[in-house]
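In order, the protein sequences belong to chains A and B.
In case it helps, this note's numbering puts the first sequence at residues 1 to 612.
In case it helps, this note's numbering puts the second sequence at residues 1 to 351.
Simulated from the structure, these hints should not be mistaken for lab results.
The C-beta atom is built at its ideal place from N, Cα and C for all residues, glycine as well.
A portion of the hints provided could be inaccurate.
[Said to hold, decoys possible] Residues from chain A that face chain B, not an exhaustive set, calculated with beta carbons under 8 Å:
(1) N44
(2) V276
(3) N283
[Unchecked claim] Lysine-lysine pairs mimicking DSS-like chemistry, simulated, CA-CA at most 27 Å apart:
(4) K167/A with K109/A
(5) K459/A with K277/B
(6) K277/B with K298/B
(7) K207/B with K260/A
(8) K16/B with K444/A
(9) K243/B with K16/B
(10) K147/B with K207/B
(11) K259/A with K207/B
(12) K193/B with K243/B
(13) K419/A with K477/A
(14) K408/A with K482/A
(15) K130/A with K107/A
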Amino acid sequence: MRALTATNDFVVKFANVNGSGSASANTLFAKSILRMGIPIASRNIFPSNIQGLPTWFEVRVSGEGHLGRRGGVDMMVAMNPQTWDRDVAEIEPGGYLFYDSTKPLPKSKFRDDVNVIGVPLTEMCNAAYKDARQRQLMKNIMYVGALSALLQMDPAVVEALLGEQYKGKERLAQSNREAFHMGRDWALKNLECPIGLRLSPLDAVGDRIFVDGNSAAALGAVYGGATVCAWYPITPSTSLAEAFDRYCRRLRTDPETGKKRYAIVQAEDELASIGVVVGAAWNGARAFTATSGPGISLMQEFVGLAYFAEIPAVIFDVQRAGPSTGMPTRTQQGDVLAAAYASHGDTKHILLFPEDPHECFTMGADAFDLADRFQTPVFVMLDLDIGMNDWLCEPFRWDDSRRMDRGKVMTAEELEAGKTFGRYLDVDGDGIPYRTYPGTHPSKGAFFTRGTSRDRFAKYTEQGSAYVDNMQRLLRKFETAKAYVPRPIERRAAQPTRDGVIYYGSSSAAMREALVALEGDGIHLDALRVRAFPFHDEVMDFIARHDRIFVVEQNRDAQLRTLLTIEGCVDPARLVPVLHYDGTPITARFIRAAIADKASALNVVPLRKAMP
Amino acid sequence: MSYLPKPKLHHPTLPKNALGYTRRDYEGAISTLCAGCGHDSISAAIIQACWELDIEPHRVAKLSGIGCSSKTPDYFLGASHGFNSVHGRMPSVLTGANLANRDLIYLGISGDGDSASIGLGQFAHIMRRGVNMTYIVENNGVYGLTKGQFSATSDKGSKAKKGAINTDEAIDLVGLALQLGATFVARSFSGDKAQLVPLIKAALLHKGAAFIDCISPCVAFNNHEGSTKSYDFVREHNEVVNKLDVILGRQPITAEYEPGSVTEVTQHDGSVLRLRKLAPDYDPTDRVAAMNYLQERKAAGEIVTGLLYLDPDPTDLHANMGTVEVPLNRLGDAELCPGSAALARINAALR
Ligand SMILES: Cc1ncc(C[n+]2csc(CCOP(=O)(O)OP(=O)(O)O)c2C)c(N)n1
Ligand code: SF4
Ligand SMILES: [Mg+2]
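Same shape as in the complex, but just chain B:
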């Protein structure tokens, strides 16, 4: 269902966050996507997550490629700068933006065609570089915007709306992200807002490459019988390994849990990620085990969702490069231009 096409009217009783903003302050333009498109639910979850985290909207930079999914940054965080770039190349644009100003929060939105087909290379390399960002793929197994062709995440054997069967092996972006060094890897489902919102929150707090593969059914082209990315299919085959609560320092711990059923991970910024285990043997801090588990369950036809891998102490591209703390885009002439005296020395050495 679509959360978005509502008139932007401030109601005096709407709840406000610590910054005094209501959820409406995190909305964007009215969505032009099909009613019921999974992507709109993801936008709503992003709005909810940013509102709950008291993020100042203008401190987020939204970047996307091309596709229905990549259009969505226009539909949330209207007070943020956004960049609808070119097909499959959002990762490089985001990398550059991140290098220019390390102080903003970077949110990359992409589609399965955008990231797994045309943009697979850039997807791989941004994960390798550990760019501090939240990267969400709104995965519907088709090219929505070009009207329903199979994408590279479409499962082998999945049926197209017009009846064709996909014979190519699917690319699993979660598997790739794990292998390529992403330090936060999750999978979720646009139909499960309760699961998705805390995952987005945790990803936004994560100071490294955070990737969420969010299955997001395309009601126009891939929600039929025989598709493995339909609402019904995903609901039936969703194997949730854990449930996440994101606890910021100031929130009191209220709920009580069975001993041994809960893991807590403290992230670098102090936030606590509390994971209620549903798959008893699943350890989200073991990258290799995570990869094995995913392969196994995939072979069994299940779609594993939840927080799949977390390195609570990640490094990022800036740390690896050793750049200054001040954002590069704020450095002025004095910091950047060595001046005529240095040039005279350079000239002298060239004679």
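So that you can see chain A by itself, here it is in the shape it has in the complex:
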């Protein structure tokens, strides 16, 4: 039988039962590979349930550093009898099936074209441990031990990680080490080790870190100076608010008094969450909420008010697929249009599209500067794939000379000195007016905040001309924002081409990998990663420079393409949608096939060949 062979380039998938404690063993497995200097990309696939339902954890080992999901499984660690059949079916021909062989299974349960590796995990655990929970937990560590032998993982790295994880809890560290070695020794003694899939130490990780986007965004909020967080639990955004709490306890507790330099409200719903944010920001604090699609729907009215009344607000939208009874634990870029034009009337909002946790951190912090500078809501558009998975990414960086940009806030001194204050007066021609915080000055600078029924000095009026004047200024302000939001990043093809591709957010890693493969296929594309809305002029230049542009997205309706079409007055025929929206993260294989397919249909050929 064929046996797959690959060094530092394969996919291992763990099929577990939710709540069985497998997560920490699986993380140990993933981190050990990283410690060997080999890049990995890992993903959790889990249902909307707490216990008893299947979960999967996928580790893509990629010496070349591909961080998107590859697709396909070379080795299945099948620990969940419930999902056995589909798990076994998923293995590539010649791949490996690792399972608990304590109970014999009929031959019909296996495949002829898959290499079967049985380890009597339950039997070994029952022999070694009395406590039921311990048996369960140690079984997980034991399979990591067996895998370490099979895949040639460095045991010293695992031991070091266990030592760090159980620092100060020597007994726990020791029992974990023992379980690890029990599994490892059994495999070394009874199985042919290593198998065709192997790890070989590399130096390809560098100083990169391994972290999830929600934690990174929360840390960005801490560094960005956020003091008020209001939220309502919703997967996949919950861990963002929880991470903010965790980081704040550590980093924002007054060392002398033990008091908090932050406030977190778990609100009664998303309407209240955004209301708290708007109230706090109106009063001069930096405030944010974290939510997902259904929450964004509930926040619409307030987002409009914040837009018209010009109040900063930061909203982390960790996008997921569909409604509450849709696929809440699956990823999607499904809220692009809902966020861009959130609310009633003529509104548009700043959106940021981080590609990985590193950018979740930087954009998480930048969002607060942008919200203050433009006195408007800013959406940071994560998704479940970035938010809830650990990604290998550049370390977080911070320039200590950086200061918060609080935007145009008139002070008591300026008011006292007689500076003219008109809340909605465009003094500088950039569309951005000055604001004052409540309580600033005894007799100057107070105003009554309301939507649009007011003039440049915030005096009540319902005159059409004042309304139009204000709406035009809001457009000028949005125009100004183009130069402040993160610029797009272009990657030119190896040879001149009239074809391009636009992509954003969590599709980026898969896209980069696909570009290399497509180049190998003879399809050369200039690529532009869009990082923000409003679109920088460079985005429109890029579109103008190309005849056809593929737009790669993880939603059904090609939402970014629609936004480009509307905002750039682009002929939709030139923007070819490439759409992936089944709830799993997009893969390079998918992009490559979809583009190759569409390219041949559209007759996209390299420029040189196209010329007579």
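Following the hints, position chain B with the ligands against chain A.
What follows is chain B with the ligands alone, placed relative to chain A:
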């Protein structure tokens, strides 16, 4: 009657408070409400209360939802920042504002539609959280601004101007506030300024969630025969349980009272609330008894007003959360940003 539409002219002989301000300094824009609207009387009472308490106007933040009632913050305290937010959601905006700067005085103004219909949820939760504020519902039993539909505080059996009879049970916001943990609960009537002004003063001094349900007749849509929120009906059925005097430390005690007819409660800030009992058995420090009494009198068709419940030693949201004394909106980079060294440690732990 309307107190407000007067030109803003400073008369040299107008009395001044300790800050040197006249009452005019506490006024706002000219009201656009109907002449005779109860809401204007409440605005006037707020002006009076703030003036008497020597509050610096700019240290008050006025927040409201949507409705005729919610428009009124424009008509008082013109030197204060105000926020006419969205329908039924003032409580969350006020909560956020309060979190941002614990040093200001927060005054929430709402209507019965705003708080009992669309905003019932937020009303409940702000009371539960004990936000330090004064929350006034200008309760007219109708939606004034949308022209006279029943609101959720409209009594069962009350008649609409066009003749329809309300068949739904009324929501009693006072009952809810009591149950949900508000630490100052009162009911008053816009037509009784002598009762209302001291209640607003006491509420402003209270360092916790203070709620006043103020019946405030809508002359345009709910002041007719058959309405239970008309001036006449309320005057006839008003059962005042106590009369309140707010005594600040420096005021000498002058009046003499019958022994046993007066209770004094010292609030956390030192102010003394002197209550002259009118209902002899009414104890405003007993939450459960207050709830029972209100139910009883409601069944008898009476509208109980006065200071209904008071916890003289309340806690508030900031105390519960353990936030720093300095307002969060005044913290700068040094206090908020942990810097690159801390980040390097975080990075190291993620490798
Ligand atoms: C979301 C939303 N729905 C409906 C309205 C329309 N609306 C404006 S005011 C109002 C009722 C206000 O009633 P109340 O709070 O009792 O205030 P009043 O005018 O009686 O003082 C309604 C329904 C609105 N502004 N917003
Ligand atoms: S409609 Fe009613 S509530 Fe509104 S201003 Fe007129 S009297 Fe007052
Ligand atoms: Mg009303």
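Hint check: 8 Å Cβ-Cβ cutoff, N44/A to chain B: Nearest chain B Cβ about 17 Å off; hint violated.
Hint consistency between K277/B and K298/B [alpha-carbon to alpha-carbon, up to 27 Å]: With Cα atoms ~19 Å apart, K277/B and K298/B stay inside 27 Å; holds.
Hint check, V276/A versus chain B [nearest Cβ-Cβ separation less than 8 Å]: With Cβ-Cβ at 4 Å, under 8 Å, it holds.
Distance restraint between K408/A and K482/A, which requires alpha-carbon spacing of 27 Å or less: holds (18 Å)
Holds or violated: K147/B to K207/B, with C-alpha atoms at most 27 Å apart: violated (36 Å)
Status of the hint placing N283/A at chain B (closest C-beta pair under 8 Å): holds (4 Å)
Proposed proximity, K277/B with K459/A (alpha carbon, max 27 Å): Status violated; Cα separation ~45 Å.
Distance restraint between K167/A and K109/A, which requires alpha-carbon spacing of 27 Å or less: violated (42 Å)
Satisfaction of hint between K107/A and K130/A, Cα-Cα up to 27 Å: violated (32 Å)
27 Å Cα cutoff - pair K207/B, K260/A: Holds: K207/B and K260/A sit about 20 Å apart, inside 27 Å.
Given pair status - K16/B, K243/B, alpha carbons within 27 Å: holds (26 Å)
Holds or violated: K16/B to K444/A, with C-alpha atoms at most 27 Å apart: holds (20 Å)
Violated hints, listed in ascending order, are 1, 4, 5, 10 and 15; each of the other numbered hints is respected by the structure.
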